[in-house]
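*Asks:* Since the structure of chain A is provided, determine the placement of chains B and C on it from the hints.
Residue numbers (my numbering), protein chains in the order written: chain A, 1 to 341; chain B, 1 to 358; chain C, 1 to 332.
Derived from the structure by calculation, the hints contain no laboratory data. Possibly wrong hints are sitting among the right ones.
[To be verified] Lysine to aspartate or glutamate pairs mimicking EDC-like chemistry, simulated, CA-CA at most 20 Å apart:
{"hint": "1", "chain 1": "B", "residue 1": "63", "chain 2": "B", "residue 2": "40"}
{"hint": "2", "chain 1": "B", "residue 1": "196", "chain 2": "B", "residue 2": "40"}
{"hint": "3", "chain 1": "C", "residue 1": "230", "chain 2": "C", "residue 2": "35"}
{"hint": "4", "chain 1": "A", "residue 1": "258", "chain 2": "C", "residue 2": "39"}
{"hint": "5", "chain 1": "B", "residue 1": "357", "chain 2": "A", "residue 2": "45"}
{"hint": "6", "chain 1": "C", "residue 1": "265", "chain 2": "B", "residue 2": "152"}
{"hint": "7", "chain 1": "A", "residue 1": "236", "chain 2": "C", "residue 2": "277"}
{"hint": "8", "chain 1": "B", "residue 1": "285", "chain 2": "A", "residue 2": "145"}
{"hint": "9", "chain 1": "B", "residue 1": "357", "chain 2": "A", "residue 2": "32"}
{"hint": "10", "chain 1": "B", "residue 1": "277", "chain 2": "B", "residue 2": "350"}
{"hint": "11", "chain 1": "B", "residue 1": "357", "chain 2": "A", "residue 2": "18"}
{"hint": "12", "chain 1": "A", "residue 1": "109", "chain 2": "A", "residue 2": "72"}
{"hint": "13", "chain 1": "C", "residue 1": "179", "chain 2": "C", "residue 2": "34"}
{"hint": "14", "chain 1": "B", "residue 1": "285", "chain 2": "A", "residue 2": "8"}
{"hint": "15", "chain 1": "B", "residue 1": "153", "chain 2": "C", "residue 2": "261"}
{"hint": "16", "chain 1": "B", "residue 1": "54", "chain 2": "B", "residue 2": "3"}
{"hint": "17", "chain 1": "C", "residue 1": "238", "chain 2": "C", "residue 2": "133"}
{"hint": "18", "chain 1": "A", "residue 1": "236", "chain 2": "C", "residue 2": "133"}
{"hint": "19", "chain 1": "B", "residue 1": "267", "chain 2": "A", "residue 2": "99"}
{"hint": "20", "chain 1": "C", "residue 1": "139", "chain 2": "A", "residue 2": "261"}
{"hint": "21", "chain 1": "B", "residue 1": "277", "chain 2": "A", "residue 2": "145"}
{"hint": "22", "chain 1": "A", "residue 1": "258", "chain 2": "A", "residue 2": "268"}
{"hint": "23", "chain 1": "B", "residue 1": "285", "chain 2": "B", "residue 2": "253"}
{"hint": "24", "chain 1": "B", "residue 1": "63", "chain 2": "B", "residue 2": "39"}
{"hint": "25", "chain 1": "B", "residue 1": "153", "chain 2": "B", "residue 2": "194"}
{"hint": "26", "chain 1": "A", "residue 1": "258", "chain 2": "C", "residue 2": "23"}
{"hint": "27", "chain 1": "C", "residue 1": "230", "chain 2": "B", "residue 2": "81"}
{"hint": "28", "chain 1": "B", "residue 1": "79", "chain 2": "C", "residue 2": "225"}
{"hint": "29", "chain 1": "B", "residue 1": "79", "chain 2": "C", "residue 2": "277"}
{"hint": "30", "chain 1": "B", "residue 1": "285", "chain 2": "A", "residue 2": "138"}
{"hint": "31", "chain 1": "A", "residue 1": "165", "chain 2": "A", "residue 2": "261"}
{"hint": "32", "chain 1": "C", "residue 1": "179", "chain 2": "C", "residue 2": "23"}
{"hint": "33", "chain 1": "B", "residue 1": "79", "chain 2": "B", "residue 2": "148"}
{"hint": "34", "chain 1": "B", "residue 1": "32", "chain 2": "B", "residue 2": "8"}
{"hint": "35", "chain 1": "B", "residue 1": "45", "chain 2": "C", "residue 2": "3"}
[As the list claims (entries may be wrong)] Covered, in the sense of this in silico footprint (three residues per stretch, anywhere, with C-beta under 8 Å from a C-beta of chain B), are these stretches of chain A:
{"hint": "36", "stretch": "15-23"}
{"hint": "37", "stretch": "205-214"}
{"hint": "38", "stretch": "280-287"}
Ideal placement from N, C-alpha and C gives every residue a C-beta, glycine not left out.
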Amino acid sequence: MLLKRLTEAMGPSGFEEEIRQVIYEEIRDHVDRVYTDALGNLIAEKDGTRPGPKVMLCAHMDEVSLMITHIEPNGLLQFAHIGGIDNKILNSQPVLIGDSKIPGVIGSKPIHHQSPEERRQPVGLNSLRIDIGASSREEAMTLVEPGDVAIFATQYEEIGERKAKSKSFDDRIGCAVMVETLKKNFDVPTVYVFAVQEEIGLRGAGPAAFRVQPDISLVLEGTLAADFPGSPGHGKATIQGNGPALSVVDSSSIHNRKFLDHMVQVAEANNLPYQYRKTVAGGNDAGRIHISRAGVLSGVISVPTRYIHAPAQLISLDDYENTIALVEQFLRSVEQGGLGQ
Amino acid sequence: MSDLNIRETLLELLTDWGVSGYEGNITARFRKALSYFTDDIRVDKLGNLIATVKGEGPEPRPKVMLAAHMDEIGLMVTKIEAQGFLRVTAVGGVDPRTQMAQEVVVHGRDGDYVGIFGSMPPHLTSPSERGKSAPLEDMFIDLAMPEERVREKVRVGDLVTIRRTPLELPFDRISGKSLDNRASMTATLECLQELKRLHHQADVIVVGTVQEERGRLGAWTSMFGIEPDIGIAIDVTFGDMPGAPDDASFPLDGGPCIFWGPNISLKVARSMFDVAKRLNMPVQKELGQRESGTDVDSMQLTGAGYPTGLVSIPVRYMHTSVETVCYRDIERTGQLLAHTIAGVDRAYVEGLTCFLKD
Amino acid sequence: MKELIKRLSEACGPSGHENNVRDLIRDAVASYADEINEDVLGNVIVTKKGKGTDRKHLMLVAHIDEPGLLVTHIEGNGYLRVAQVGNLEAAYLVGQRVQFPNGTVGVVGTHHVNDAGDVTFMGLFLDIAATSEAEALEKVRVGDMCTLLQPVVELDNDKLVGKALDNRVGCAVAVEALKRLKDQEHDVTVVFTTQHGVGSRGVKPAAFALEPDFGLVLDGVRAGDYPGAKRIEVGLGKGVAVKVLDRNVIVPPPIKNFLVDQAEKAGIAYQLEVYPDGTSDAGAMLITRDGIPTGGLSLPLRYTVTGSEMVDLRDVEAAVQLTVLALQQYNL
Numbered sequence: 001m002l003l004k005r006l007t008e009a010m011g012p013s014g015f016e017e018e019i020r021q022v023i024y025e026e027i028r029d030h031v032d033r034v035y036t037d038a039l040g041n042l043i044a045e046k047d048g049t050r051p052g053p054k055v056m057l058c059a060h061m062d063e064v065s066l067m068i069t070h071i072e073p074n075g076l077l078q079f080a081h082i083g084g085i086d087n088k089i090l091n092s093q094p095v096l097i098g099d100s101k102i103p104g105v106i107g108s109k110p111i112h113h114q115s116p117e118e119r120r121q122p123v124g125l126n127s128l129r130i131d132i133g134a135s136s137r138e139e140a141m142t143l144v145e146p147g148d149v150a151i152f153a154t155q156y157e158e159i160g161e162r163k164a165k166s167k168s169f170d171d172r173i174g175c176a177v178m179v180e181t182l183k184k185n186f187d188v189p190t191v192y193v194f195a196v197q198e199e200i201g202l203r204g205a206g207p208a209a210f211r212v213q214p215d216i217s218l219v220l221e222g223t224l225a226a227d228f229p230g231s232p233g234h235g236k237a238t239i240q241g242n243g244p245a246l247s248v249v250d251s252s253s254i255h256n257r258k259f260l261d262h263m264v265q266v267a268e269a270n271n272l273p274y275q276y277r278k279t280v281a282g283g284n285d286a287g288r289i290h291i292s293r294a295g296v297l298s299g300v301i302s303v304p305t306r307y308i309h310a311p312a313q314l315i316s317l318d319d320y321e322n323t324i325a326l327v328e329q330f331l332r333s334v335e336q337g338g339l340g341q
Numbered sequence: 001m002s003d004l005n006i007r008e009t010l011l012e013l014l015t016d017w018g019v020s021g022y023e024g025n026i027t028a029r030f031r032k033a034l035s036y037f038t039d040d041i042r043v044d045k046l047g048n049l050i051a052t053v054k055g056e057g058p059e060p061r062p063k064v065m066l067a068a069h070m071d072e073i074g075l076m077v078t079k080i081e082a083q084g085f086l087r088v089t090a091v092g093g094v095d096p097r098t099q100m101a102q103e104v105v106v107h108g109r110d111g112d113y114v115g116i117f118g119s120m121p122p123h124l125t126s127p128s129e130r131g132k133s134a135p136l137e138d139m140f141i142d143l144a145m146p147e148e149r150v151r152e153k154v155r156v157g158d159l160v161t162i163r164r165t166p167l168e169l170p171f172d173r174i175s176g177k178s179l180d181n182r183a184s185m186t187a188t189l190e191c192l193q194e195l196k197r198l199h200h201q202a203d204v205i206v207v208g209t210v211q212e213e214r215g216r217l218g219a220w221t222s223m224f225g226i227e228p229d230i231g232i233a234i235d236v237t238f239g240d241m242p243g244a245p246d247d248a249s250f251p252l253d254g255g256p257c258i259f260w261g262p263n264i265s266l267k268v269a270r271s272m273f274d275v276a277k278r279l280n281m282p283v284q285k286e287l288g289q290r291e292s293g294t295d296v297d298s299m300q301l302t303g304a305g306y307p308t309g310l311v312s313i314p315v316r317y318m319h320t321s322v323e324t325v326c327y328r329d330i331e332r333t334g335q336l337l338a339h340t341i342a343g344v345d346r347a348y349v350e351g352l353t354c355f356l357k358d
Numbered sequence: 001m002k003e004l005i006k007r008l009s010e011a012c013g014p015s016g017h018e019n020n021v022r023d024l025i026r027d028a029v030a031s032y033a034d035e036i037n038e039d040v041l042g043n044v045i046v047t048k049k050g051k052g053t054d055r056k057h058l059m060l061v062a063h064i065d066e067p068g069l070l071v072t073h074i075e076g077n078g079y080l081r082v083a084q085v086g087n088l089e090a091a092y093l094v095g096q097r098v099q100f101p102n103g104t105v106g107v108v109g110t111h112h113v114n115d116a117g118d119v120t121f122m123g124l125f126l127d128i129a130a131t132s133e134a135e136a137l138e139k140v141r142v143g144d145m146c147t148l149l150q151p152v153v154e155l156d157n158d159k160l161v162g163k164a165l166d167n168r169v170g171c172a173v174a175v176e177a178l179k180r181l182k183d184q185e186h187d188v189t190v191v192f193t194t195q196h197g198v199g200s201r202g203v204k205p206a207a208f209a210l211e212p213d214f215g216l217v218l219d220g221v222r223a224g225d226y227p228g229a230k231r232i233e234v235g236l237g238k239g240v241a242v243k244v245l246d247r248n249v250i251v252p253p254p255i256k257n258f259l260v261d262q263a264e265k266a267g268i269a270y271q272l273e274v275y276p277d278g279t280s281d282a283g284a285m286l287i288t289r290d291g292i293p294t295g296g297l298s299l300p301l302r303y304t305v306t307g308s309e310m311v312d313l314r315d316v317e318a319a320v321q322l323t324v325l326a327l328q329q330y331n332l
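The shape of chain A in the complex, shown without the other chains (with noise of 0.2 Å):
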């Protein structure tokens, strides 16, 4: 299943070996050509059968994850964020370590020798442990190195109804939608960008923007779902099972009033559902792609995702089904001339 085996693979920011593999082999059956760039952007591109306007699509590889930075003598691992990460969600949480996959847990003090002052504050990683079984800094040194990175263990999982879990719709659900995607032919040349290094600055697209030179580009993306009870309504920025969000402004961009206007036109001709993306906070690789060379006319669809950048996201199908049709009439709208380019 696509979403599982993208969402189970590694790929943390800049280690994105595995996953880049798994989409290069669900993919290189249906493009013209596929490629890696010097940072390991995987670049795949369908010529279609007019010259222009080309379109790049884009959505990244990598995750949120860990990575072990000094092993202690009694064999524990210390480990740093890559990415952004709240320190609040580490505690207790099985992870998994490197090329092999080590299993490892996070543990902490437990709470019977925790002040009640301590009880009050959050974990910082100055407390938080790796645990891989270890006895001693030389045993550990056997299975794990400085340097490795980790995961979180979490498998895919549909729960729920209509829903699934797993530890990186952000922004796998991008690349599935992707994925499904470049399957259908376009007359319009199209280029697929599963990008590097988004969640440590948005680092893969520009150069990949760089090199295709597209007239048009779409950000494919999970974004944060705060549909939560206590949010209110400017305070939710997306919400399930309202279908794809359209970004307005982020912090690395602000919304082509004409590329919006074009994108609503587009969902409500096809009876697609739609929502805006309600907050300003949050980046994407869009950020990059607009103001590559002399500027690019680009827009960020995304699936909302609740709990992003935490160990169980989770997503609505029907958002996800409705971000796939949504594109594919986005496409479509372009092979007609939309946007007049």
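*Replies:* Same frame as chain A, but now just chains B and C:
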């Protein structure tokens, strides 16, 4: 041409000054040193110094760029107060607590003037004031000249550096200001020296970059202009000190630190570890999870992206005027770079962008 | 020129939605331009060919955007929820009037707070006198942006007060410079840039596409000549400020010296700007491609970000003169 005394060159570089954006003096000295190895030296539009040493391979030869920034942190005059006291702002990451009571040099349009960072004698401060450190903007420099003379000689925008003569310490240690990053510039000279004894296919392009301490500006533009096949930045990293984090504390004389993390090419890093092993050279692994804060951050992302590496020299007391390095680490860094470069050919370069297994 | 500053200042042009200002600029430069273009980011690109044989390409930059409030949500009872785009202070906004590009006017309100320091953007809302979501939707949509509504007022002969004088005054200087530039040697492209306030997103693509030999950036600089101001040795009425350093750029010394020398030779009043907290498009421009040597001239302004910025017209005139001179005498 007699051989260059590279260690002596480092001491000379440490006596001179070149705050970000105002690297001119350092550029001139580095140019002179590089001229022992090549005639192909130029300065680009931003002031980056670019020296090319040709390789022996057939055209088109691979190009390896070594980037060491030439600028140092310093201060800039923001205001001339009554009585001629100067107010300053930091250029780069200056810790105000290391400036207190230091002798400084104010670099005026027509000459240098010695000044002192003024401080209140303990007799006149309360115990609670003594427990606090002043922000830089509240500190002042005393030029010991009347106000009108100060206004004649010094203007807003003039640069200020700490007045410090480099010191040779026992055990091959050197201490001074601006070892960040004159130590690395020196390592590139050691590299070129070593390369004279080796065969190398690739062209080596040594770049003294400008404005690293202010956002790695020079690295962006020099990388864009040169379009190398590999870019390696050389910078300094944290020498071991009590209280430093376990993973960012590198013993002096422990060898160069090879960076491992997202913002370099892991393939290039692996090659350097292999080379060190072959040379039986001690090296250390420096881990990063995000931007390293060095030129390599820009170099990797320039244009369509480049394979990059980062080698760092352990330095204690970073960003102070008593930064301390072990010279053997500088020599080793040069050797590590030289032998890594000697292994670069067309096929190696092509492998750097291949990640897929069929 | 006073009239032009007034028109530009009062126009609504938040970052990313600069259309109204763009239209005014296009009108203002029409008779002095060889060509006017617009790129994907909405930058207005005005070219004026030089007459020389060995022509350089000089790029003059002035950003046209200002901070704004973005509508993120419309409540059932017609109130609008907003987020900031660019540099604004929530507490300064309470009670201000705002205007959308389509003319819709509103008032900024806040959730009740006991301490003015507790005002946050999450607690701000706009009242446009709509009583339902449907009524509000007739005037605005989610994603629309508004800016402060503040008429320009004149204080004595030389001082103007208004919103967005940073950087509409710079825009006016660029327009006036275009007007006065005659038979210059070099090709000059004036770029009125968008999205400066969110990270110089307009100037980067423009500079990349145009590949100039030299850049000169016109922007505002906060003055330090009022009670309790930060220690910036820039004051109103003391001339145009020649940029030495801001947060993003250290101007290459040869460029700074060139500008200073031109000012001194021509007797134009100038001061030196070292402004560690300031931002300008110069930093982004400097590192475009393999580097574009870039300098900056700034207009001293008091009370930036408050909606009542103050400028001295004598500084503006000095800025125009030095800009024209720099473009005419360029020899670096």
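*Asks:* Hints first: check each against the structure and report whether it holds.
*Replies:* Outcome of the hint check:
1. At most 20 Å may separate the alpha-carbon atoms for a hinted pair to count; residue 63 of chain B and residue 40 of chain B meet this at roughly 14 Å.
2. For a cut-off of 20 Å, the pair hint linking residue 196 of chain B to residue 40 of chain B stands: about 16 Å separates their Cα positions.
3. For the proposed pair residue 230 of chain C and residue 35 of chain C, the alpha carbon gap of about 42 Å is over 20 Å, so the pair is violated.
4. The suggested pairing of residue 258 of chain A with residue 39 of chain C holds, with an alpha-carbon distance near 14 Å, which does not exceed 20 Å.
5. Under the criterion of a C-alpha separation no larger than 20 Å, the hint pairing residue 357 of chain B with residue 45 of chain A is consistent with the structure, at around 18 Å.
6. Between residue 265 of chain C and residue 152 of chain B, the direct Cα distance comes to roughly 18 Å. Compliance with the 20 Å bound is thereby established for this hinted pair.
7. Restraint check: the Cα-Cα separation between residue 236 of chain A and residue 277 of chain C comes to about 33 Å, which exceeds 20 Å; the hinted pair is violated.
8. Restraint check: the Cα-Cα separation between residue 285 of chain B and residue 145 of chain A comes to about 11 Å, which is no more than 20 Å; the hinted pair holds.
9. The hinted pair formed by residue 357 of chain B and residue 32 of chain A meets the criterion: a straight-line CA distance of about 17 Å does not exceed 20 Å.
10. The straight-line distance between the Cα atoms of residue 277 of chain B and residue 350 of chain B is roughly 24 Å, outside the 20 Å bound, and the hint therefore fails.
11. Using a Cα cut-off of 20 Å, the hinted pair residue 357 of chain B and residue 18 of chain A holds, with the two alpha carbons roughly 10 Å apart.
12. A hinted pair counts as satisfied when its Cα atoms are at most 20 Å apart, and residue 109 of chain A with residue 72 of chain A qualifies at roughly 16 Å.
13. Using a Cα cut-off of 20 Å, the hinted pair residue 179 of chain C and residue 34 of chain C holds, with the two alpha carbons roughly 12 Å apart.
14. Note on residue 285 of chain B and residue 8 of chain A: the hinted pairing is violated, with a Cα-Cα distance of about 29 Å set against a maximum of 20 Å.
15. Proposed proximity of residue 153 of chain B and residue 261 of chain C is supported: the alpha carbons are some 17 Å apart, at most 20 Å.
16. Distance restraint check for residue 54 of chain B and residue 3 of chain B: the Cα-Cα separation of roughly 19 Å lies within the 20 Å cut-off, and the hinted pair is therefore satisfied.
17. A hinted pair counts as satisfied when its Cα atoms are at most 20 Å apart, and residue 238 of chain C with residue 133 of chain C does not qualify at roughly 51 Å.
18. Among the hinted pairs, residue 236 of chain A with residue 133 of chain C is consistent with the structure: their alpha-carbon atoms are about 17 Å apart, no more than 20 Å.
19. For the suggested pair residue 267 of chain B and residue 99 of chain A, the alpha carbons sit about 16 Å apart, so the restraint of at most 20 Å is met.
20. As the CA atoms of residue 139 of chain C and residue 261 of chain A are separated by approximately 16 Å, the hinted pair is consistent with the 20 Å bound.
21. Only pairs whose Cα atoms come within 20 Å are accepted, and residue 277 of chain B paired with residue 145 of chain A is accepted, the gap being roughly 17 Å.
22. Taking the CA atoms of residue 258 of chain A and residue 268 of chain A, the gap is near 15 Å; set against the 20 Å cutoff, the hint holds.
23. A threshold of 20 Å between alpha carbons decides the hint, and for residue 285 of chain B with residue 253 of chain B the separation of about 14 Å falls inside it, so the pair holds.
24. Between residue 63 of chain B and residue 39 of chain B the CA atoms are separated by roughly 17 Å; this keeps the pair inside 20 Å, and the hint holds.
25. With a CA separation close to 46 Å, the supplied pair residue 153 of chain B and residue 194 of chain B exceeds the 20 Å bound.
26. Pair hint residue 258 of chain A plus residue 23 of chain C holds up; C-alpha atoms about 17 Å apart against a cutoff of 20 Å.
27. A distance of roughly 14 Å separates the Cα atoms of residue 230 of chain C and residue 81 of chain B; the hinted pair therefore holds under the 20 Å criterion.
28. At most 20 Å may separate the alpha-carbon atoms for a hinted pair to count; residue 79 of chain B and residue 225 of chain C meet this at roughly 12 Å.
29. Between residue 79 of chain B and residue 277 of chain C, the direct Cα distance comes to roughly 15 Å. Compliance with the 20 Å bound is thereby established for this hinted pair.
30. For a cut-off of 20 Å, the pair hint linking residue 285 of chain B to residue 138 of chain A stands: about 18 Å separates their Cα positions.
31. A C-alpha spacing of about 32 Å is found between residue 165 of chain A and residue 261 of chain A, which places the hinted pair above 20 Å, so the restraint is violated.
32. A distance of roughly 18 Å separates the Cα atoms of residue 179 of chain C and residue 23 of chain C; the hinted pair therefore holds under the 20 Å criterion.
33. Our distance criterion of 20 Å between C-alpha atoms is met by residue 79 of chain B and residue 148 of chain B, whose separation comes to about 14 Å.
34. Restraint check for residue 32 of chain B and residue 8 of chain B: satisfied, since their Cα atoms lie roughly 13 Å apart, inside the 20 Å limit.
35. Among the hinted pairs, residue 45 of chain B with residue 3 of chain C is inconsistent with the structure: their alpha-carbon atoms are about 40 Å apart, more than 20 Å.
36. Taking a C-beta to C-beta cut-off of 8 Å, the stretch 15-23 of chain A contributes 4 residues in contact with chain B, enough for the three needed, and the coverage statement holds.
37. Only when three residues or more bring their CB closer than 8 Å to a CB of chain B does the claim for the stretch 205-214 of chain A stand; here the count is 5, and the claim holds.
38. With 0 residues bearing a CB less than 8 Å from a CB of chain B, the stretch 280-287 of chain A misses the requirement of three and the coverage assertion fails.
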